[in-house]
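**Student:** Using the sequences provided together with the hints, build the complete structure.
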Amino acid sequence: MMFSSSQFDGFVPSQSTQTADSASPNPSKSWGTQGLIPVTVKQLSEAHQSGDEKSNFSIDGVDVTNVTLVGMVSEKTERVTDVSFALDDGTGRVECRRWLNESSDTKEMEEIHDGLYVRLVGHLRSSQGKKQLVAFAVRPVTNFDEVTFHFIDCIHQHLQKCRVKGDANAHSQMEDFSTSTPMRNISNGSQISGQLSVDGLKGSDQKVLEFLQQNYAQEKGVHRDEIAQQLKIPVNKIMESIRTLEEEGLIYSTIDEYHYKSTTDA
Amino acid sequence: MDTSNPTVFVNAELLGRYVGRKVRAVIQVIRNDGAAVIGKSTDEKQITVKGLPPSQLTTFVEVIGIADGQNSIAADKWTNFGDNFDIFTYNKLCQLANGEYQHLFL
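Order-wise, the sequence lines are chains A and B. Here the first sequence stands for residues 26 to 291, where the numbers follow my numbering. Here the second sequence stands for residues 214 to 319, where the numbers follow my numbering.
Certain hints may be false.
Said to hold, decoys possible - For each label pair, taking beta carbons as the anchor points, the in silico distance ranges come out as:
(1) A:Glu-103 <-> B:Thr-272: 33 to 43 Å
(2) B:Thr-302 <-> A:Glu-271: 37 to 47 Å
(3) B:Asp-246 <-> A:Arg-150: 40 to 50 Å
(4) A:Glu-120 <-> B:Thr-302: 25 to 35 Å
(5) B:Phe-301 <-> A:Ser-99: 22 to 32 Å
(6) A:Val-105 <-> B:Gly-229: 15 to 25 Å
(7) B:Gly-229 <-> A:Glu-251: 45 to 55 Å
(8) B:Asp-281 <-> A:Met-264: 58 to 68 Å
(9) A:Ser-129 <-> B:Pro-267: 29 to 39 Å
(10) A:Arg-150 <-> B:Asp-281: 33 to 43 Å
(11) B:Gly-295 <-> A:Glu-271: 49 to 59 Å
(12) A:Asp-139 <-> B:Arg-244: 22 to 32 Å
(13) A:Val-105 <-> B:Val-232: 43 to 53 Å
Stated by the list, open to error - Chain A regions said to be covered by chain B (calculated; three or more residues, Cβ under 8 Å):
(14) 60 to 67
(15) 118 to 132
(16) 175 to 186
(17) 233 to 247
Calculated directly from the structure, the hints in this document are not laboratory data. Beta carbons: idealized from backbone N, C-alpha and C, even for Gly.
**Tutor:** Okay, structure coming up:
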């Protein structure tokens, strides 16, 4: 598919990268420095400038280099060395500039006119206090499912970054999201969630862990039947959670195989 | 950069919430009588779009304009979205963009 996000290297991280990132102290740092992030103009307007350099921004705590947007062109102005225009994606308008270095650049921009929906790839810069986009590629949209796709992609990427930051709320939204929409990229979310560290635990695992953490003071641990009874979760589900938590090293069995204790306090 | 006047993604159900504001919607054209287009919204309800449609309309059209009623839009921009468009996913996008992910859009 011409607009599949998996075309871009480093765009959607593989599962092993995901696990490694969430274990490191600064999981978001290694993220967006290569690859391409789909954004809305609204997100760009809220990007924080990091450092003194005029071209370092961060969105959702992640350094942003290249971004991609989909929107409508207006105010196209052709000059000798560049073409400038405004891009309106419904969330806002941003000024863009496309430098004409080669004849292919000029040819590309000849296809673009006001009122056209385009896919833009570029870099966010600050110039005279205003944020602008330096565009590397501008292409007319021909299949309009790309418009829908782009915005869903923005939501998806935003959620991925929220989860890496350890936001439990965003995680549960991600699970609902992945089951209700049919898009292939997004359904990866539910696969990844089962393999993450503490922040990525399923609901019942989280409940069992919290219960055991709260009962940390009990030397002999808690019998699994009592866990089931207190949490009102069937014993077989408790056993599944116990297996997962044990594998993660979060709980351990004590006096016998039915009693478990958390490795950490609440 | 200007985010002061965003265009809200709407279907028929959301349209009523944004009367008076700039909205965008994709409709399936049912009838075109020159001054207004009757269309089916992405959540399968009827919407009236007033304005001057372009001479050629494809099956699906995106209209951008001001919501001027529970079921109508006064449109100033019309974009042909072709004869094949995924209205199910677009409808989901409307719900998400106005629900928990509204902060990315408005």
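**Student:** Does the Cβ distance between Asp-281 (chain B) and Met-264 (chain A) fall inside 58 to 68 Å?
**Tutor:** Distance hint for Asp-281 (chain B), Met-264 (chain A) holds at roughly 59 Å.
**Student:** Per the coverage rule (Cβ-Cβ under 8 Å, at least three residues), is the region 60 to 67 of chain A covered by chain B?
**Tutor:** Satisfied; 3 residues make the cut.
**Student:** May I ask you to test the hint 33 to 43 Å on the CB atoms belonging to Arg-150 (chain A) and Asp-281 (chain B)?
**Tutor:** holds (39 Å)
**Student:** Starting from the hint 40 to 50 Å, judge whether the C-beta atoms of Asp-246 (chain B) and Arg-150 (chain A) obey it.
**Tutor:** holds (48 Å)
**Student:** Determine whether the Cβ-Cβ distance between Glu-103 (chain A) and Thr-272 (chain B) falls within the hinted range of 33 to 43 Å.
**Tutor:** Since Glu-103 (chain A) and Thr-272 (chain B) have Cβ atoms about 34 Å apart, the given range 33 to 43 Å holds.
**Student:** I want to verify a distance hint. Is the separation of the beta carbons of Val-105 (chain A) and Gly-229 (chain B) within 15 to 25 Å?
**Tutor:** Cβ of Val-105 (chain A) to Cβ of Gly-229 (chain B): about 50 Å, so the range 15 to 25 Å is violated.
**Student:** Take the C-beta atom of Ser-129 (chain A) and the C-beta atom of Pro-267 (chain B), compute their distance, and say whether it sits inside 29 to 39 Å.
**Tutor:** Holds, at about 31 Å.
**Student:** Is 22 to 32 Å right for how far apart the beta carbons of Phe-301 (chain B) and Ser-99 (chain A) are?
**Tutor:** Given a distance of about 30 Å, which is inside 22 to 32 Å, the answer is holds.
**Student:** Is 45 to 55 Å respected by the C-beta to C-beta distance linking Gly-229 (chain B) and Glu-251 (chain A)?
**Tutor:** holds (52 Å)
**Student:** Taking the CB of Glu-120 (chain A) and the CB of Thr-302 (chain B), does the distance hold inside 25 to 35 Å?
**Tutor:** holds (30 Å)
**Student:** State whether the coverage of the region 118 to 132 of chain A by chain B holds or is violated, taking the criterion as 3 or more residues with Cβ-Cβ distances under 8 Å.
**Tutor:** With 3 residues in contact (Cβ-Cβ under 8 Å with chain B), the coverage given for the region 118 to 132 of chain A holds.
**Student:** In this structure, is the beta-carbon distance linking Asp-139 (chain A) and Arg-244 (chain B) contained in 22 to 32 Å?
**Tutor:** Once the Cβ atoms are compared, 29 Å apart, the range 22 to 32 Å for Arg-244 (chain B) and Asp-139 (chain A) holds.
Checked against the numbered hints above, the structure violates hints 6, 17; every other hint is satisfied.
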